[in-house]
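Protein chains: 2
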Amino acid sequence: MTARLIDGKAAAASLRATVAAEVAKFRSATGRSPGLAVVLVGEDPASAVYVRSKGKATVEAGMQSIEHKLPADTSEAELLALVDQLNSDPAVDGILVQLPLPPQIDANKVITRIDPDKDVDGFNPVNAGRLAIGLPGFVPCTPLGCLKLLRAELGDLAGKHAVVIGRSNIVGKPVAMLLLAEHCTVTIAHSRTRNLPAVVRQADIVVAAVGRPNMVKGDWLKLHATVIDVGINRVEGDDGKSRLVGDVDFASAREIAGAITPVPGGVGPMTIACLIRNTLVSAARRDGYQLPEDL
Amino acid sequence: MTARLIDGKAAAASLRATVAAEVAKFRSATGRSPGLAVVLVGEDPASAVYVRSKGKATVEAGMQSIEHKLPADTSEAELLALVDQLNSDPAVDGILVQLPLPPQIDANKVITRIDPDKDVDGFNPVNAGRLAIGLPGFVPCTPLGCLKLLRAELGDLAGKHAVVIGRSNIVGKPVAMLLLAEHCTVTIAHSRTRNLPAVVRQADIVVAAVGRPNMVKGDWLKLHATVIDVGINRVEGDDGKSRLVGDVDFASAREIAGAITPVPGGVGPMTIACLIRNTLVSAARRDGYQLPEDL
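Chains as they are written, first to last, in this note's numbering: chain W, 23 to 317; chain S, 23 to 317.
Just chain W, with the same shape it has in the complex (with noise of 0.2 angstroms):
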């Protein structure tokens, strides 16, 4: 038997078509429309895409983008007193500062600065603190992205064993804590974890998110898990040409697996659909507007 396909971009299409609807209606009530605010220090061109493609996302939805685009050099001075004006600028409720800053910026003292009721991004340690402890705030948008994904193949995760391969502060731990509050058995493995295959091999659930093309093989997974491959790595093929891969050997995991995302169209696209969602959230709870719960 083959798996099936986790359709991450039908899911993404269809959370953003949502969320517009979302936005629409908040706009009506409010007279106002949602604004995220993304920030980009210096040319990175793979950054320039990113934020690129959020603009063009939040825009979409109804939702005003406010760009700043910042030289290279840039200091942290300037950079941290931009990220206060946008903390205090009402019109603003989501923002992301683009991810790396060139080096003469610490970036934890960038995101710590954000403040955590516009932290969209989930960075700040306040969001990953209500996260771990359970407490309303902003959950980062690729881990929220696997998650969806996982309720949409899955319903109820209660008592199901999901094994995160991956401990980053951006996908591993926030997915493990939001799996643990679906009342998953959580298993966090890494690069020191002995016996991998083994611990992958208990999973309902495994999600991997370790930046290593193909790692996980087919042989490694119990019959019929479900498999969420968070990895988007450029690898070159026989024929010479680039193309993408995922942290999962999509090959051999199909032929075992009940489900599982495919790389490109799996998680990727839920990313930006959950970033819009966000700053929908943010805006609605500085406004006091109701929003439906399952969003």
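Worth double-checking, as some hints may not be accurate.
What the hints assert, rightly or not - Below, computed lysine-lysine pairings styled on DSS-like, alpha-carbon distance capped at 30 angstroms: (1) S:239 - W:244; (2) S:244 - W:244; (3) W:239 - W:31; (4) S:131 - W:131.
Derived from the structure by calculation, the hints contain no laboratory data.
Model, not experiment: these values are computed from the prediction.
Chain W is fixed; fit chain S onto it per the hints.
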């Protein structure tokens, strides 16, 4: 073979002696004593005992104990005003509000109000977030005590599989984050976990923090596992007398485990020792004073 007993009482006495010696040096270097403010609202007898023990340990270590006892009908606003005052008092290095609080007071609100840099209990979401992300902050005292016992028993924890049973904000989740930072593979199990004995049987390290007397049986354990029992449950014995037992069935577990904490005399005594350790660390950070790294 019978498991080695992990003597928490001795470890706590040793940590308290180390803290006292460092406090003496801190006092001669800075001319002041670290101060711990403890706030008790109402007359819960168990809370009163805890507060008394904490004050005693603080003074024995050469630090100042400042106790604020408020009536049971204290309003939330009054308590928040006291927290604000302690936040801005330069003689106060640590603030601890004894839980539980009476029903008219929102404990989350109070804990969030404590200056994260004086939050020696480590319950403020900012400190939960710092722990999750790996930034310096304050780690809750009982989890820190567990880690210190494990390090003393096992040395390097990297690559060991730790199973944490229980996912509370004050023990299970912070213990999991600490062990992850030590490069353990970490599984968080709880009341919704399926086949808990099989999950526990994988563990090199078991941390039990569920509050169910004698729940974890010896035949759930891998041979020579290290067992940390955080539970403190009062049960009635066959003789009608009440006594304290842990979450682990000590009699059967000690036949399989390599090392195990008794209850009482295991994790319990470490909690207050870590509280005075955190208070000294806070004072040192606030004064830019250098402490030994492994304190």
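Verification of the hints:
no.	hint	result
1	S:239 - W:244	28 angstroms, holds
2	S:244 - W:244	23 angstroms, holds
3	W:239 - W:31	24 angstroms, holds
4	S:131 - W:131	25 angstroms, holds
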